[in-house]
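J.: Residue strings, one per chain:
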Amino acid sequence: MKMAKENNVKLHGMWASPYVKRVEIALKIKGIPYEFVEEDLVNKSQLLLQYNPVHKKVPVLIHNGKPICESLVILEYIDETWKNGPPLLPQDPYKRAKVRFWTSFVEKELFENLLLVARSEGEAQEKAIKVVFEKLQLLEEGLKDLFQGETYHIDGETMGILDIVLCSLFGAHEAQEEVLGVKFIDPEKFPLVCSWVTALTEVTAVKELRPPHEKLVAVLQFIRQRALQASAA
Amino acid sequence: MAQEVKLFGMWASLYSRRIEIALKMKGVQFEFIEEDLQNKSPLLLKHNSIHKKVPVLLHNGMPIAESLIILEYIDETWLDNPILPRDPYDRAMARFWARFIDEKLIWISWDAFSSKEEDQGKAIEEACKQLKALENELKEKEFFGGDTLGYLDIAAIMVASWFGVMQEVMKVELLTEENFPILCQWVGKFVDCPIVKECLPRKEKMVEFTRVLLKDFLASK
Chain S
10 MKMAKENNVK
20 LHGMWASPYV
30 KRVEIALKIK
40 GIPYEFVEED
50 LVNKSQLLLQ
60 YNPVHKKVPV
70 LIHNGKPICE
80 SLVILEYIDE
90 TWKNGPPLLP
100 QDPYKRAKVR
110 FWTSFVEKEL
120 FENLLLVARS
130 EGEAQEKAIK
140 VVFEKLQLLE
150 EGLKDLFQGE
160 TYHIDGETMG
170 ILDIVLCSLF
180 GAHEAQEEVL
190 GVKFIDPEKF
200 PLVCSWVTAL
210 TEVTAVKELR
220 PPHEKLVAVL
230 QFIRQRALQA
240 SAA
Chain G
171 MAQEVKLFGM
181 WASLYSRRIE
191 IALKMKGVQF
201 EFIEEDLQNK
211 SPLLLKHNSI
221 HKKVPVLLHN
231 GMPIAESLII
241 LEYIDETWLD
251 NPILPRDPYD
261 RAMARFWARF
271 IDEKLIWISW
281 DAFSSKEEDQ
291 GKAIEEACKQ
301 LKALENELKE
311 KEFFGGDTLG
321 YLDIAAIMVA
331 SWFGVMQEVM
341 KVELLTEENF
351 PILCQWVGKF
361 VDCPIVKECL
371 PRKEKMVEFT
381 RVLLKDFLAS
391 K
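Top to bottom, those sequences are chains S and G.
Per my numbering, the very first residue in the first sequence carries number 10; after that it's consecutive.
Per my numbering, the very first residue in the second sequence carries number 171; after that it's consecutive.
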């Protein structure tokens with residue numbers, strides 16, 4: 010009799026969190042069944058605080074009772090643990106380093122600055138918008154090197170960690186445009202980034218996990234209002 | 171094909187030291203290229219055009235930037251003496267704590283070192299909480315990596331060196347033996363490792379360098 014290895018996977022998250030979305034996409038792509046535990050981030054559960062005492066944040070992946078925190082750490086853990094599904098990282102060490110580099114770039118340079126745009130207004134916002142455009146330009150140029158003449162192929166079913174992180178940021182670009190009044194994913198300014206983001210939003214796992222447009226708009230508006238009120242206080 | 175390994179770094183940069191330690195642990199021959207960070211070389215700017223920072227590893231002409239990413243590259247390319255643990259869960263923990271050091275601990279500690287007097291008490295309390303979390307990760311082990319140095323020990327060079335230097339420059343006590351006996355014991359063992367001794371600059375040199383770097387800030391205090 011073949012003993013099935015116990016494989017209990019829970020994901021503590023929040024439906025609107027892009028960080029959580031990354032992990033959900035990865036789990037779906039790998040075909041890993043999991044239980045989603047919705048956290049109220051205003052009223053964090055004892056369990057969450059126990060699993061992530063350092064950052065007290067979602068996502069937290071619980072695999073057979075053991076917690077893993079930080080979305081990018083979780084993605085690499087998923088890739089190393091479930092080797093049967095499509096790989097989330099290339100095999101070659103140099104290609105892996107490049108993917109990690111650009112993932113870190115999107116995470117630190119684009120994500121952070123886009124958040125700033127959402128949370129500010131007037132001159133501060135204009136400054137942040139300018140920075141996002143600069144970073145997008147760097148990414149656009151970086152993609153030429155990253156893809157290096159190889160046509161970047163997204164087959165509709167699989168994604169790597171860089172695809173996942175970029176999608177978690179700009180997958181909701183239409184909602185971002187509506188709320189912030191700025192078009193970041195501009196096919197004229199950033200043709201490579203734009204075509205890449207568009208292709209990513211068509212991937213099955215992404216489509217299945219994307220919340221409705223109105224909900225995304227509402228969440229972004231809420232975040233913005235709360236931040237503006239806090240800074241005005 | 172002959173391996174050509176170059177490391178662009180700066181003597182006082184602890185991030186550069188991370189890479190040196192890893193390469194030496196793996197027995198990889200490399201050329202160290204000292205950068206003047208006030209006058210960065212065209213080669214550095216070419217190989218790290220995005221961030222324009224050290225360290226950059228150049229392996230057979232291919233550049234890799236960002237110290238933690240370089241460490242993973244080194245571990246995946248030269249397979250002797252693994253730096254990261256084998257088990258995926260242990261690897262996740264090592265990566266988690268390394269990111270914690272770079273993205274949270276250093277900044278919170280900088281706040282504690284640089285705060286105005288009225289805010290300092292709270293900032294120090296917060297930094298100590300974070301240091302305690304890291305100390306707890308050591309548990310009963312010699313090093314974060316177990317019996318020998320590993321990826322997290324290398325990442326934690328910041329704790330082993332930067333804290334001591336900053337405490338002397340800013341005259342603020344944070345990582346004390348009284349409050350962090352286990353972590354301080356680790357620091358002692360870490361700096362005593364032959365490879366680390368070869369790579370780490372003398373504390374006095376680092377203190378002098380940091381004093382100059384922060385002279386405007388110190389003058390305003």
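Each hint should be verified, as a subset may be incorrect.
[As the list claims (entries may be wrong)] Simulated crosslink set (BS3-like; lysine-lysine; CA at most 25 Å straight-line):
#1 53/S to 292/G
#2 117/S to 222/G
#3 299/G to 66/S
#4 198/S to 216/G
#5 375/G to 210/G
#6 222/G to 139/S
#7 153/S to 194/G
#8 104/S to 194/G
#9 375/G to 341/G
#10 75/S to 311/G
#11 274/G to 53/S
#12 104/S to 216/G
#13 53/S to 176/G
#14 139/S to 194/G
#15 223/G to 104/S
#16 65/S to 375/G
#17 223/G to 65/S
#18 299/G to 65/S
#19 75/S to 309/G
#20 216/G to 117/S
#21 341/G to 117/S
#22 292/G to 139/S
#23 375/G to 309/G
#24 309/G to 104/S
#25 223/G to 136/S
#26 274/G to 65/S
Please keep in mind that the hints were generated in silico from the structure rather than gathered at the bench.
J.: Each of the hints needs a verdict: does it hold here or not?
T.: Okay, the hints, checked on the actual structure:
1. The straight-line distance between the Cα atoms of residue 53/S and residue 292/G is roughly 24 Å, inside the 25 Å bound, and the hint therefore holds.
2. In summary, the hint linking residue 117/S to residue 222/G is supported, as the alpha carbons are separated by about 15 Å, within the 25 Å threshold.
3. Taking the CA atoms of residue 299/G and residue 66/S, the gap is about 17 Å. The hint holds against a cut of 25 Å.
4. Of the pairs offered as hints, the one joining residue 198/S and residue 216/G holds, with about 24 Å between alpha carbons and a cut-off of 25 Å not exceeded.
5. For the hint linking residue 375/G to residue 210/G, the alpha-carbon distance of about 22 Å falls within 25 Å, and the restraint holds.
6. Taking the CA atoms of residue 222/G and residue 139/S, the gap is near 20 Å; set against the 25 Å cutoff, the hint holds.
7. As the CA atoms of residue 153/S and residue 194/G are separated by approximately 34 Å, the hinted pair breaks the 25 Å bound.
8. Distance check on the hinted pair: residue 104/S and residue 194/G sit about 23 Å apart at the alpha-carbon level, within 25 Å; holds.
9. At roughly 17 Å between alpha-carbon atoms, residue 375/G and residue 341/G fall within 25 Å of each other, so this suggested pair holds.
10. Only pairs whose Cα atoms come within 25 Å are accepted, and residue 75/S paired with residue 311/G is accepted, the gap being roughly 20 Å.
11. Taking the CA atoms of residue 274/G and residue 53/S, the gap is about 21 Å. The hint holds against a cut of 25 Å.
12. This hinted pair checks out: residue 104/S and residue 216/G have alpha carbons roughly 19 Å apart, not beyond 25 Å.
13. The suggested pairing of residue 53/S with residue 176/G is violated, with an alpha-carbon distance near 48 Å, which exceeds 25 Å.
14. Our distance criterion of 25 Å between C-alpha atoms is broken by residue 139/S and residue 194/G, whose separation comes to about 43 Å.
15. A threshold of 25 Å between alpha carbons decides the hint, and for residue 223/G with residue 104/S the separation of about 20 Å falls inside it, so the pair holds.
16. Proximity of residue 65/S to residue 375/G is assessed by CA-CA distance (about 39 Å); at most 25 Å being required, the pair is judged violated.
17. Distance restraint check for residue 223/G and residue 65/S: the Cα-Cα separation of roughly 31 Å exceeds the 25 Å cut-off, and the hinted pair is therefore not satisfied.
18. Distance restraint check for residue 299/G and residue 65/S: the Cα-Cα separation of roughly 14 Å lies within the 25 Å cut-off, and the hinted pair is therefore satisfied.
19. Proximity of residue 75/S to residue 309/G is assessed by CA-CA distance (about 17 Å); at most 25 Å being required, the pair is judged to hold.
20. Straight-line distance between C-alpha atoms of residue 216/G and residue 117/S comes to about 21 Å, which keeps the hinted pair within the 25 Å bound.
21. Our distance criterion of 25 Å between C-alpha atoms is broken by residue 341/G and residue 117/S, whose separation comes to about 32 Å.
22. Proposed proximity of residue 292/G and residue 139/S is contradicted: the alpha carbons are some 35 Å apart, above 25 Å.
23. Taking the CA atoms of residue 375/G and residue 309/G, the gap is about 32 Å. The hint is violated against a cut of 25 Å.
24. The suggested pairing of residue 309/G with residue 104/S is violated, with an alpha-carbon distance near 35 Å, which exceeds 25 Å.
25. Taken as a hint, the residue 223/G and residue 136/S pair is honoured in the structure, with Cα atoms around 24 Å apart against an allowance of 25 Å.
26. Of the pairs offered as hints, the one joining residue 274/G and residue 65/S holds, with about 13 Å between alpha carbons and a cut-off of 25 Å not exceeded.
Checked against the numbered hints listed earlier, the structure breaks hints 7, 13, 14, 16, 17, 21, 22, 23, 24; every other hint is satisfied.
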